[in-house]
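What follows is the residue order along each chain.
2 protein chains.
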Amino acid sequence: MTNLSNKTCEVCRVGAPQVTQKEIDSFKPLIPGWKITTVEDVNHLNRVFKFNNFIEAIAFTNKIGDLAESEGHHPAILTEWGSVKISWWTHKINGLHVNDFIMAAKTDELLK
Amino acid sequence: MTNLSNKTCEVCRVGAPQVTQKEIDSFKPLIPGWKITTVEDVNHLNRVFKFNNFIEAIAFTNKIGDLAESEGHHPAILTEWGSVKISWWTHKINGLHVNDFIMAAKTDELLK
Chain U
1 MTNLSNKTCE VCRVGAPQVT QKEIDSFKPL IPGWKITTVE DVNHLNRVFK
51 FNNFIEAIAF TNKIGDLAES EGHHPAILTE WGSVKISWWT HKINGLHVND
101 FIMAAKTDEL LK
Chain P
1 MTNLSNKTCE VCRVGAPQVT QKEIDSFKPL IPGWKITTVE DVNHLNRVFK
51 FNNFIEAIAF TNKIGDLAES EGHHPAILTE WGSVKISWWT HKINGLHVND
101 FIMAAKTDEL LK
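These protein sequence lines map, in sequence, to chains U and P.
The first sequence: position 111 = 111 (our numbering), numbered continuously.
The second sequence: position 60 = 60 (our numbering), numbered continuously.
In case anyone wonders, no lab produced these hints; they're calculated from the structure.
Heads up, some of the hints might be wrong.
It does not matter which identical chain is used: a pair holds within one copy or between any two.
Listed next, the in silico BS3-like pairs over lysine-lysine satisfying Cα-Cα at most 30 Å (straight line) [stated by the list, open to error]:
1. K50 <-> K35
2. K28 <-> K92
3. K22 <-> K85
4. K112 <-> K35
5. K35 <-> K22
6. K112 <-> K28
7. K63 <-> K50
8. K92 <-> K7
9. K22 <-> K112
10. K85 <-> K50
Next comes chain U alone, as it looks inside the complex:
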């Protein structure tokens, strides 16, 4: 399995397939800090990142913002004093696409 974070999001249209369980089993070990949660029947990939203060948190929020714009795929970002929670999912298919796993891996890379 190649490094997820080196991949680029593919164009995702309504009706594109969600990731299969086999794909999840393959991708998930590459992003161990992320959890799959279900909100109103829609799966999301979530991770909370901790920081020392608000300024560091919002700086990370902006890094995620730049990444999201560059890939044309946008998460929900919950910024609070000392923490940023990122949720990736694909609105067009109401669930998880391979793009979301790629973006989770790229998110992890931003901290390195």
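Please build the complex by placing chain P on the supplied structure of chain U, with the hints as guidance.
Showing chain P alone in chain U's frame:
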């Protein structure tokens, strides 16, 4: 009633009083776009702001961040494509302080 947004947050310590219903009745008409919601028994002041894209949303997030740092009072900011949800409350008292109404009014001012 003077303009809430012209006020400055006071220092808030553990044990400080939450806003009274009389204060809420006085402040709430000054910030009509905000709703009080209760999450796990803690009241929050929430408002969702809509934008045309992700860049505008994250630009507003940064304005809120600057405001929060300048006042030393920090909200939860949920940034998504085209929207920013702001939640003000006071962690130290697990509820709403007059500061939160001041910050909600200052948040509204940022859009003017």
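Results for each hint:
no.	hint	in the structure
1	K50 <-> K35	both (16 Å within a copy, 28 Å between copies)
2	K28 <-> K92	within (22 Å within a copy, 37 Å between copies)
3	K22 <-> K85	within (26 Å within a copy, 35 Å between copies)
4	K112 <-> K35	within (20 Å within a copy, 39 Å between copies)
5	K35 <-> K22	within (16 Å within a copy, 43 Å between copies)
6	K112 <-> K28	within (19 Å within a copy, 45 Å between copies)
7	K63 <-> K50	both (15 Å within a copy, 21 Å between copies)
8	K92 <-> K7	within (20 Å within a copy, 44 Å between copies)
9	K22 <-> K112	within (28 Å within a copy, 50 Å between copies)
10	K85 <-> K50	both (9 Å within a copy, 20 Å between copies)
Going down the numbered hints, you'll see the structure goes against none, and every one checks out.
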